[in-house]
Amino acid sequence: MSDKLTKSVVEAVKKQEGDSFHWDEQLKGFGLKVTPTGRKVYIYQYRLPGRPTRRYTIGVHGGAWTPEGARQEVKRLMGQVARGLDPAEERKRERSDPTLAEVCDRYLRDGVATKKASTAAADRARIERHIKPLLGRKKLSLIYRADISRFLSDVAAGKTALDERTRKRGRAIVT
Numbered sequence: 405m406s407d408k409l410t411k412s413v414v415e416a417v418k419k420q421e422g423d424s425f426h427w428d429e430q431l432k433g434f435g436l437k438v439t440p441t442g443r444k445v446y447i448y449q450y451r452l453p454g455r456p457t458r459r460y461t462i463g464v465h466g467g468a469w470t471p472e473g474a475r476q477e478v479k480r481l482m483g484q485v486a487r488g489l490d491p492a493e494e495r496k497r498e499r500s501d502p503t504l505a506e507v508c509d510r511y512l513r514d515g516v517a518t519k520k521a522s523t524a525a526a527d528r529a530r531i532e533r534h535i536k537p538l539l540g541r542k543k544l545s546l547i548y549r550a551d552i553s554r555f556l557s558d559v560a561a562g563k564t565a566l567d568e569r570t571r572k573r574g575r576a577i578v579t
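Counting in the numbering used here, the sequence shown runs from 405 upward without gaps.
Misleading hints may appear alongside valid ones.
[What the hints assert, rightly or not] 30 angstroms max Cα-Cα, derived DSSO-like pairs, lysine-lysine: (1) LYS520 with LYS496; (2) LYS411 with LYS437; (3) LYS444 with LYS496; (4) LYS419 with LYS408; (5) LYS408 with LYS418; (6) LYS543 with LYS572; (7) LYS542 with LYS479; (8) LYS543 with LYS563; (9) LYS520 with LYS536; (10) LYS542 with LYS572; (11) LYS408 with LYS444; (12) LYS542 with LYS563; (13) LYS479 with LYS432; (14) LYS519 with LYS496; (15) LYS496 with LYS542; (16) LYS418 with LYS479; (17) LYS419 with LYS444.
No lab work stands behind these hints, which were simulated from the structure alone.
Please build the complete structure, drawing on both the sequences and the hints.
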């Protein structure tokens with residue numbers, strides 16, 4: 405089937421036994437994959453010189469993705485492919501990028517071996533009580549100066565302040 409993928413065309417497509425593909429007649433490489441369960445997914449099929457054909461999943465039909473939105477995304481991806489970039493490799497690299505919490509854990513595991521015990525304990529406390537709660541889930545490549553400034557302001561304003569018991573006669577007062 406080869407039509408211009410519009411909302412009415414996409415919603416009219418029925419599921420089949422295996423995966424079925426429906427390609428847009430106006431935009432080369434833009435298509436709709438329908439799984440045997442009836443799930444409709446927008447895809448972009450492309451080929452870089454000297455490499456096999458690849459399929460890039462844009463998103464599931466409905467909610468955030470409409471045919472027009474997916475078409476705009478395909479145009480953006482076509483620009484990347486024209487410049488010799490592989491969108492699938494870029495996505496894979498972004499997903500494997502560590503979070504700040506993972507980097508901090510690695511530092512606490514490997515980087516404090518030469519420090520005094522008291523310094524290592526202070527580093528661990530600062531990381532666990534300030535850095536991880538505010539910035540821990542962010543990918544390392546997505547942390548900018550504004551995030552660091554906001555982090556410093558939040559710590560100074562007492563956003564991470566707490567007073568908790570640590571053991572029978574111990575207390576952690578974080579200011």
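Under the criterion that the straight-line Cα-Cα distance not exceed 30 angstroms, is the pair LYS408, LYS418 satisfied? Measuring from Cα to Cα gives roughly 16 angstroms; hence the hint holds.
So if I understand the rule, the pair passes when the alpha-carbon distance is 30 angstroms or less; does LYS542 with LYS563 pass? holds, 18 angstroms
Given the hint that LYS542 pairs with LYS479, test it: the Cα-Cα distance must not exceed 30 angstroms. holds, 28 angstroms
Take the C-alpha atoms of LYS408 and LYS444, compute the straight-line distance between them, and say whether it is at most 30 angstroms. Roughly 16 angstroms between the alpha carbons, so the hint for LYS408 and LYS444 holds.
Mind checking the alpha carbons of LYS418 and LYS479 for me, to see if they're no more than 30 angstroms apart? holds, 26 angstroms
Hint check: LYS519 vs LYS496, CA-CA at most 30 angstroms. Holds or violated? violated, 36 angstroms
Do the alpha carbons of LYS419 and LYS444 lie within 30 angstroms of each other, as the hint requires? holds, 9 angstroms
Taking 30 angstroms as the top limit, are the C-alpha atoms of LYS496 and LYS542 close enough? holds, 17 angstroms
Take a quick look at whether LYS520 and LYS496 sit within 30 angstroms of each other, Cα to Cα. violated, 39 angstroms
Given the hint that LYS419 pairs with LYS408, test it: the Cα-Cα distance must not exceed 30 angstroms. holds, 19 angstroms
Would the pair LYS444 and LYS496 pass a check requiring their Cα atoms to be no farther apart than 30 angstroms? With a Cα-Cα distance of about 22 angstroms, the restraint between LYS444 and LYS496 holds, given a limit of 30 angstroms.
Decide if the proposed pair is consistent with the structure: LYS543 and LYS563, CA atoms, cutoff 30 angstroms inclusive. Distance of about 21 angstroms is within 30 angstroms: holds.
Of the numbered hints given earlier, the model fails hints 1, 6, 10, 14; all others are met.
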